[in-house]
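Q: Residue-level listing of the chains:
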Amino acid sequence: MNFLALEALSRAWQTAAISAAVGVVGLLVAMYFLKLKRMRKEIPSTFLWKKSIMDMRANSPFQRLRRNLLLFLQLLILIAALIAFGRPAMQATARTGATYIVLLDNSASMGATDVSPSRLDAGKAQVEKIISDMGAGDAMMLMTFASHSRVEQTLTDDRNALKAALRRVEATDGRTDINDPLQLADAISKTSASPQIVVVSDGAFLQPPSMEALSAPVQFIGVGKDRSNVGITAMSVRRSVDTPDTGEIFANVANYTDQEVKAVVSLNIDGQLTDATTTRIAAGAAHASVFKVKMDADKIAEVMVDYKDDLDADNRAWALLEKPTDVEVTFIGQTDPFLRKAVLAGGRFKVSEAATDQIPAQSGTNLPVYIYDGTAPQSLSRAGYLIFNAAPAIEGFKEGDIVENPVIIDVDTSHPITSFLDLGDVYIGKARRITFPPETKVLVNSDEIPLVALSYVGGARILTVAFDPLESRWPLRISYPMFISNAINFLSGGTEALSSRQFNAGDVLVVPGEEGVDKITITDPAGHKKDITANVSQGMTPYGDTGRAGIYTVKIGDRELSYAANLTSGAESDLTPRRELVVGTTKVSAAVSAKAKNREIWRELLVFAFAILMVEWYIYNRRVYV
Amino acid sequence: MSDLRQKGSMQVVDPEGQLLDEEFLSKIDQLQLVSRKVIMGKIHGERLTRKRGQSAEFADYRQYVPGDDLRMIDWNIYGRLEKLFLKLFLEEEDLHVHILIDSSGSMGFGAPSKLFYAKKVAAALSYIALSNFDRVVMGTFDSGPPQMMPSLRGKRSVMRVLDFLSRTKAGGETGMKDALRSFAVAHRTKGIVILISDFFDKAGHESVLRYLLAGSHDVFVIQVLSPEELEPTLAGDLTLIDVEDADEADITVSAPLIRRYKQTLAAFVASIKDYCTKRGMTHILAPTSLPFDSLILDYLRKRGVVQ
Numbered sequence: 007m008n009f010l011a012l013e014a015l016s017r018a019w020q021t022a023a024i025s026a027a028v029g030v031v032g033l034l035v036a037m038y039f040l041k042l043k044r045m046r047k048e049i050p051s052t053f054l055w056k057k058s059i060m061d062m063r064a065n066s067p068f069q070r071l072r073r074n075l076l077l078f079l080q081l082l083i084l085i086a087a088l089i090a091f092g093r094p095a096m097q098a099t100a101r102t103g104a105t106y107i108v109l110l111d112n113s114a115s116m117g118a119t120d121v122s123p124s125r126l127d128a129g130k131a132q133v134e135k136i137i138s139d140m141g142a143g144d145a146m147m148l149m150t151f152a153s154h155s156r157v158e159q160t161l162t163d164d165r166n167a168l169k170a171a172l173r174r175v176e177a178t179d180g181r182t183d184i185n186d187p188l189q190l191a192d193a194i195s196k197t198s199a200s201p202q203i204v205v206v207s208d209g210a211f212l213q214p215p216s217m218e219a220l221s222a223p224v225q226f227i228g229v230g231k232d233r234s235n236v237g238i239t240a241m242s243v244r245r246s247v248d249t250p251d252t253g254e255i256f257a258n259v260a261n262y263t264d265q266e267v268k269a270v271v272s273l274n275i276d277g278q279l280t281d282a283t284t285t286r287i288a289a290g291a292a293h294a295s296v297f298k299v300k301m302d303a304d305k306i307a308e309v310m311v312d313y314k315d316d317l318d319a320d321n322r323a324w325a326l327l328e329k330p331t332d333v334e335v336t337f338i339g340q341t342d343p344f345l346r347k348a349v350l351a352g353g354r355f356k357v358s359e360a361a362t363d364q365i366p367a368q369s370g371t372n373l374p375v376y377i378y379d380g381t382a383p384q385s386l387s388r389a390g391y392l393i394f395n396a397a398p399a400i401e402g403f404k405e406g407d408i409v410e411n412p413v414i415i416d417v418d419t420s421h422p423i424t425s426f427l428d429l430g431d432v433y434i435g436k437a438r439r440i441t442f443p444p445e446t447k448v449l450v451n452s453d454e455i456p457l458v459a460l461s462y463v464g465g466a467r468i469l470t471v472a473f474d475p476l477e478s479r480w481p482l483r484i485s486y487p488m489f490i491s492n493a494i495n496f497l498s499g500g501t502e503a504l505s506s507r508q509f510n511a512g513d514v515l516v517v518p519g520e521e522g523v524d525k526i527t528i529t530d531p532a533g534h535k536k537d538i539t540a541n542v543s544q545g546m547t548p549y550g551d552t553g554r555a556g557i558y559t560v561k562i563g564d565r566e567l568s569y570a571a572n573l574t575s576g577a578e579s580d581l582t583p584r585r586e587l588v589v590g591t592t593k594v595s596a597a598v599s600a601k602a603k604n605r606e607i608w609r610e611l612l613v614f615a616f617a618i619l620m621v622e623w624y625i626y627n628r629r630v631y632v
Numbered sequence: 020m021s022d023l024r025q026k027g028s029m030q031v032v033d034p035e036g037q038l039l040d041e042e043f044l045s046k047i048d049q050l051q052l053v054s055r056k057v058i059m060g061k062i063h064g065e066r067l068t069r070k071r072g073q074s075a076e077f078a079d080y081r082q083y084v085p086g087d088d089l090r091m092i093d094w095n096i097y098g099r100l101e102k103l104f105l106k107l108f109l110e111e112e113d114l115h116v117h118i119l120i121d122s123s124g125s126m127g128f129g130a131p132s133k134l135f136y137a138k139k140v141a142a143a144l145s146y147i148a149l150s151n152f153d154r155v156v157m158g159t160f161d162s163g164p165p166q167m168m169p170s171l172r173g174k175r176s177v178m179r180v181l182d183f184l185s186r187t188k189a190g191g192e193t194g195m196k197d198a199l200r201s202f203a204v205a206h207r208t209k210g211i212v213i214l215i216s217d218f219f220d221k222a223g224h225e226s227v228l229r230y231l232l233a234g235s236h237d238v239f240v241i242q243v244l245s246p247e248e249l250e251p252t253l254a255g256d257l258t259l260i261d262v263e264d265a266d267e268a269d270i271t272v273s274a275p276l277i278r279r280y281k282q283t284l285a286a287f288v289a290s291i292k293d294y295c296t297k298r299g300m301t302h303i304l305a306p307t308s309l310p311f312d313s314l315i316l317d318y319l320r321k322r323g324v325v326q
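Quick note, the sequences are listed as chains A and B, same order.
All residue numbers for the first sequence refer to my numbering, where the first residue is 7 and numbers rise by one.
All residue numbers for the second sequence refer to my numbering, where the first residue is 20 and numbers rise by one.
So here's chain B without its partners, still in its complex pose (with noise of 0.2 Å):
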C-alpha cells in the first residue's frame, strides 16, 4: 500500500490541488463503504455481504431441507438435538460502486470550486472501495451520456482513478437526465451509485434521480454547494449570468430578497433530501466550506456511507 501511496498520491496532481495525500490516506486505509441492500457481486470478492455463502464467517442456522449441500448439516446439533440444521455461512463478494460525478459549468464555481472539492471525494470513496476490492465504476457527466471509466478493481487501479479526475474540468449546461438515464440502461448491476452535484439543473431533480431507483441501487447523493451559494455576499444593483447557459437575471440586492433567496435554497436543499429519504436514497449535504477530512471521516462515517 505505501508503494501505492507514493506512486499516486505524489504523481498525479488535479491543476487545483493535490486529490489525495499520503496522511489522509492512511486514515481511511481501514474504512469500507457500506451498502444496506443485500447485493450480489459476480466473482468472489472481500466483502462479506448478507448473501449467506461460502466464506468462513458464521452467519445463522436454519433447518434442513431436502437438497441442502449435506457439507453443510452441524452434526454437533444434531448430536445434541437429533435435528438437522445447516450452518449458513456469510458469502463474501466484490461490490460494485457506482461513482458519478457533475462537471457541469455551474460546478466549477467557488473557491476552491465545487468540482475540486466532489473529485476529492471521489477520489477518497475510490480509493476505500478499491481498498476493499470493490469494483468502482467512475464517471463524469455535464449535458450528454456520461464519460464513464471502464470498471476497476484493485488499489492499483486508484492511479487510473485519480489521472482520470484530474483530466476532468468543469464545462456544458448540466443535462443530469440524458446522463442518469444512459447510466441507468448501461449499468444493471446491484451496487452502490454515489451522485455528486450542485443538482443546479434547470431540468429539476425528480425526473432525473428516478433513473438510479431503477436499477435498486444503494444511492447516495452529496449535494455539494459553496459557500458563496449558502451566504452570497452580493450587493447592488446587478445582473446576473448563468454560466452554463448565459441566462441573465436582473436584481437589486437588498435585505429581503437575501432572506428570500435564503428560503429558496432552502426549500431547494430540503426539496432534494425529501425526495431521497422517501425512496431509500441517502442526501448528503457538503458545503465545500466543510473539511474534506471530516466529511470523509466524520460526516459520512454518521450517514452510514462508510465505516
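Only chain A is shown next, with the shape it has when bound in the complex (with noise of 0.2 Å):
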C-alpha cells in the first residue's frame, strides 16, 4: 500500500481538496457530537474522589489514556480521517481515467461446471471485481458474444448500471466468435482514453482472431480448470434414396476426457425412447451413433448422451424428420441431358418442361423450382431458381466476361446445399464473371470469381452456377447430382435430410413469409412465447434470440413449423481450458483474475469513521464504559 500518495494531476487536487473540506466539516460535527458534558453531581465531599484521582494518577500517568474506551474511538476515528485525507491506494502506481472495454464470453462452453457454479459465473465474478475496483474517472463497455456480439452495456462510469447488466448476462448454447467482439472493441479503443481490452473466457473459440494486430493492450482472463466432457458433436439426418419415408440418423460423439468412457446414447422419437445403444470412446476420439428411423410422417427427433459431465448443453441433440412431399421441377427451356439425369436421379421430384414464356404456376405447398440452362428469367415469382451460366436481366445481377480456368479454392461445408460436396476434383473450363446483390451468400468461391454463389431477391431464391457444367468435369463426378439433389431441395423450401429448419444455436433463425400473414409467434426451448412482426416484403423474417438448444416452434398463420437448434461443435465441447489468447504476434498469458489496478479507499476509510463515530455515540449515551 502506498499511502499519502498525492496526485500530481490537477483534477485529483481537486478531488483531495474537495475530501478534505468534506472531512474537515465532517470531523467539526463529530467534535460537535464528542463535546463532553459532565453531569453536575452533588456529593458529601470531594476529597475522598480527589484523593483517588491523584492516587491513579501518580501511580498509572496513562490508566486514563490505556482504559478509556471513548478516547480510544475518537483516536481511531481521527487516524481513520486524516489517512483518508492522504488519498491512499491500493497500488503503487496510480492510473486514473481508463477505459475497460471488457468481452466477456457466454458461448456454451462456459456453461461448463468445472468451475463452481459455473464458468459464466465465475467469469461475471471477475468482471464484477473490476467494476468495484474502478477509480474516479474509469469507465466501462460491456460486451458478451457467442455466436454473435452483444453490447450488454454501453460506455458508462455507473458501477450500478453496469452491475445490473452483467447480472442480465445468460448462457446461451452458442458457438464462441471472438473476431467480431474484438474488431468492435479495437475500433472503440481507438477513441477511448487510456483504453483496455478485457476478455473474460475460457478460450474456446470456433476460429482464433483473425486480426494482426490491437491497438489497445488486452488482458485474457481465463476461466475453467478441467476438460471432463463428452458429448454430440455433429448430427445429421439422411433419407434413403430408394425408400423416402426412411432415413438414418448419425450422431457424432466424442470424448474430450483423459480416459475411456462408456456412455449411452439414446434416441427419442417425439419424446419417446425409441432406441439405445451402448458404445465405448477412447480418451480424446470420437464414435458415431447410426440410428434409422421411419420418415413417413413430421417428427422430432431427439439424440441424448447419458454421461455424467461438465457440460449439458452438448449432451442432447435434435432434428426434425419429415414426410416426403414431391417438389414440383420444371425446365425452362434447353437443358443439357447430364442436368436432367442428375434431376430424375433424385426419384421424388414432379418433372415438368415448359418454355422460356409459359412458367407454370405453382401446386404444392413446397416452392416450384425452375431450372435455367444458359437462359435466366426476366422477372421473378416467389419459388426456387436454379440458374446455370447466366445471370437474371434483373437489378443487382450483372454478367460480366469470361473467365479461363477458374480453381476452387473454397466450398461452404456449412451449407445444406454445398455440405458433404467435394469439388477438388472438378475442373472448369471458362466461367462467367457475374456481379451479385449484396445480400447474395458465395458457396463455391474459385481464385478469382464466385462460381455458385444463393440470392433472394423479394420471396425467390435465385441459386446461380456461373458456369455451363458441360464445360467442366463437374458432370461425371458424383458431387454433381449431390448438388443437384440438395439444390432442388433447398429451393424448394427444404424437405429433405439436411433441413434448412436446422441450425446452430445462436445463429439467426429465417422464417419463410405467408401470403397475407404479419405476425408470426415463436415459442423458444423453454416454452417462452414471443411475437414479432413478420418482414412481407422482403418474404421472410430474420430472428435472432435463438441462444438455446432445443426446438423453436413458428406459428405464421394456419401454418407450424418447427425448427431444430443445435450446439454439435467440437470446439465448444472441448472444454480444454486455453492458457493463451493470440492477436496477430501478440500473445497474452490468461490471468486467474483481474488484473489489480491502482484504487483509492479513502471512502472506505471515510466509512469506517464514520461507523466508528456511530459506535462511539452509541457508547457514549448508553454509558457503557470498561
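Please note that a few of the clues may not be correct.
Stated by the list, open to error - Only some residues are given here: those of chain B computed to face chain A with a beta carbon under 8 Å:
1) K221
2) A222
3) I260
4) D261
5) V262
6) D266
7) T283
8) L284
9) K297
These are computed hints drawn from the structure, not numbers from a lab.
All C-beta atoms in this analysis are idealised placements derived from N, C-alpha and C, irrespective of residue type, glycine included.
Bring the two chains, given one by one in their own frames, into a single complex with the hints.
A: Spelled out as C-alpha cells, the structure:
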C-alpha cells in the first residue's frame, strides 16, 4: 500500500481539496457530537474522590488513556480521517480515467461446471471485481459474445448500471466467435482514453482471432480448470434414396476426457425412447452412432448422451424428421442431358418442361423450382431458381466477362446445399463473371470469381452456377447429382435430410413468409412465446434470439413449423481451458483473476470512521464503560 | 418510665421520622453506658464507679493505715486474724456523658441522612444515660463553636434532648477543629465523650481528635457513612460538587476509579481507627445501612459502649 500518495494531476488535487473540506466538516460535526457534557452531581465531600484521582494519576499516568474506550474510539476516528485525507491507494502506480472494454464469453462452453457454479458465473465474478475496483474517472463497456456479440452496457462510469447489466448476462448454447467483438472493441478503443480490452473467456473459439494487432492492451482472464466432457459434436439426418419414408440419423459423440468412457446414446422420437446404444469411446476419440428411423410423418428426433460430465448443453441434439413431399421441378428452355439425369436421379421430383415464356403456376405446398440452363428469368416470382451460366435480368445481377480455368479454392461446407460435397476433383474450363446483389451468399468460390452463389430477391431463392457444367468435368463426378438434389431440396423450401430448418443455436433463424400474414409467433425451447412482425416485403423474417438449443416452434398464420437448434460444435465441447490468447503476433497469457489496479480507499476509510463515530456516540449515550 | 415514653417518643418527631419508638425504648431500658476509666462525678449518682466509696456494694479489703475511718474496719476479720483490715465499698457516682454530633452539610447526605442516623444514636444513648441518672451534655457543631445544651439529668430530660435533636439541621462546613477545641476548653469534667461524625473534614482528623485526649475522657468515635459513600453507584462523566464548600471535581467513572475510591475510603477509615486505637479511643464504623436496633443492642454492646 502506498499511503499519502497524492496525485499530481490538477483534477486529483481538486478531488483532494473537496475530500479534505468534507473531512474537516465531518470532523467538526464529530467534535460537536463528542463534546463532553458532564453531569453535575452533589456529593458529601469531594476530597476522597480527588485523592483517588490523584492517586491514580500518580500511580499510572497512562491508565486513563489505556482504559478510556471513548478516547480510543475518538483516536481511531481521527486516524482514519487523517489517513483518508492522504488519499491512500491499493497500488503504487496510480492511473485514473481508464476505459475498460470488457468482452465476456457466454457461449455454450462457459456453461461448464468444472468451476462452481459455472464458468460464466466465475467470469461474471471477475468482471464484477473489475467494476468494484473502478476508480474515479474510469469507464467500462460490457459486451458478451457467443455466435454473435452483443453490447450489454454502453460505455459508462455508472457502476450500478454496469453491475445490473452484468447480472442480466445469461449463458447461451451458441458457438464462440471472438472476431466480431474484438474488432468492435478495437474500433472503440481507438477513440477512448487509456483503453484496456479485457477478454473473459475459456478460450474455446470457433476460429482464432484473425486480427493482426489491437490498438489497446489486452488482458485475458481465463476461466475453467478441467476438460471432463463427452458430447454430441455433429448430427444429421439422411433420407434413404430408395425408400424416401425411411432414413438414418447420424450422431457423432466425442470424448474429451482423459480416459475411455462408456456412454449410452439414446434416441427419442417425439419424446418416446425409440432406440439406444452403448458405446465405448477412447480418450480424445469420437464415435458415430447411427439410428434407423421412419420418416413417414413429421416428427422430432432427440439424441441424448447419458454421461455425467461438466457440460450439459452438448449432451442433447435435435433433428426434424419430415415426411417426403413432391417437389415440382420445371426445366425452362433447353437443358443438357446430364442435368436432366441428375434431376431425375432424385426420384421424388415431379419434373416438367416449359418454354421460356410459359412458366407454370405453383400448385404444392413447396416452392416450385425452375431450372434455367444458359438462359435466365426476366422476372421473379416466389419460387426457387437454379440458373446455370447466366444471370437474371434484374437489378443487382450483372453478367461480365469470361474467365478461363478458374480454380475452386473454397466451399462453404456449413450450407445444406454444399455440405458433404467434394469438389476437389472438379476442373472448370470457362466460367462467367457475374456480379451479385449485396445479400448474396457465395457457396463455392474460385481464385478469381464466385462460382456458386445463393441470392434472395423478394420471395425468390436464386442459386446461380456461374459456368456451364458441360464446360467442366463436374457432370462426371458424384458431387454433381448430390449438388442438384441438395439444391432442389433447398430451393423448394427444404424437405430433405439436411433441412434448412436445422441450424446452430445462436444463428439467425430465417422464417419464411406467408401471403397475408404479418404476425409470427415463436415458441422457444423453454416454452416462452414471442410475437414478431413478419417482414412481408422481403418474404422472410430473421429472428435472432436463438441462444438456447432445442426445438423452436414457429406459427405463421395457420401453419406451424418446427426448427431444431443444436450446439454440435467440437470447439465448444472441448472444454480444455486455453491459457493463451493470440492476436496476430501478440500472445496474452491467461490471468486467473483480474489484474489489481490502483484503487483509492479513502471512501472506505471515511465510512469506517463514520461507523466508529456512531459506535462511539452509542456508547457515550449508553454510558457503557469498561 | 412508661409515662415518659408516651410523652417523649410520641410527641417529638424529627422531620425525617421518629427518633425513638416505644418498642425500642423497652429494649434499651436495662442498658447503661460503660466507662473503662475511673471517672469522678460531682454528685452522688446511681453509677458504681471504680472509685471506692460509701455505697453498700462491697469492693475489696485493704490493710488499715493510720488515719483511716475506723467505721470501715472489718471487726470479724480482726477477730479471726488479729489484723486490721478495712472493708472497701464501691462509690456510686453520676457519669458525665458528652455527646457531640456533626451537623455539617455532608451529614445531610443519604436516605435516611447520616445526620438522622446520628441523631437516633444520640437519642438512644442519651436515653440510656439519663435512665441511669447520668449527666448528659449534648451538642452539635458544624464550622463554629458547638451548640451545647445545658447538662441534663434524669429521665424527664429525655424530652428536651429529643426536642434539641429534632431542631438540628444539616448545613455549613465541617469545622471540627474549632468545635472540639471549644468543647475541650469548656468541659473539663472527666466523662464519656461520644463523637458522631462522618469525618469528612478537609483539615484532617488527627489535629481534631487530639483535643479530646486533653481531658482524659473515655472517648468513643462513631463514624457514620452512607451506603452511597461505601459503594458508589455513580456512572458517566461527572462534575462532582462538594455540598459544603461547592468544590468541584471532574471525574469519568471507570472500574479502576471506583476501585481506587474504595481503597482510598478504606485507608481513610483505617487511619482514623488506627489513630483512635493508639490513643485509647474506641472507633466504631456505623454505616447507615446497618439497622439502628442492631447498632445499639449488638454492635455497641460488643464494643463495650453499653452493657
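Q: Decide, hint by hint, whether the structure agrees.
A: How the hints compare with the structure:
1. With its C-beta approaching chain A no nearer than about 5 Å, K221 (chain B) sits inside the 8 Å limit, and its interface hint holds.
2. Hint on A222 (chain B) is violated. Least Cβ distance to chain A is approximately 10 Å, over the 8 Å limit.
3. At a threshold of 8 Å, the smallest CB-CB gap from I260 (chain B) to chain A is about 5 Å, leaving the interface hint in force.
4. Given the 8 Å rule on beta carbons, the hint for D261 (chain B) holds: about 4 Å separates it from the nearest Cβ of chain A.
5. At about 5 Å, the closest approach between the beta carbon of V262 (chain B) and any beta carbon in chain A falls short of 8 Å, and the interface hint on this residue holds.
6. Checking D266 (chain B) against chain A: minimum C-beta separation of about 5 Å stays under 8 Å; hint holds.
7. The beta carbon of T283 (chain B) comes within 5 Å of a beta carbon in chain A, closer than 8 Å, and the hint placing it at the interface holds.
8. A hinted interface residue such as L284 (chain B) counts as satisfied when its beta carbon comes closer than 8 Å to some beta carbon of chain A; here the least separation is about 6 Å, so the hint holds.
9. Restraint check, K297 (chain B) versus chain A: the minimum CB separation of about 22 Å is more than 8 Å; hint violated.
In this structure, the earlier hints numbered 2 and 9 are contradicted, and the remaining ones agree with it.
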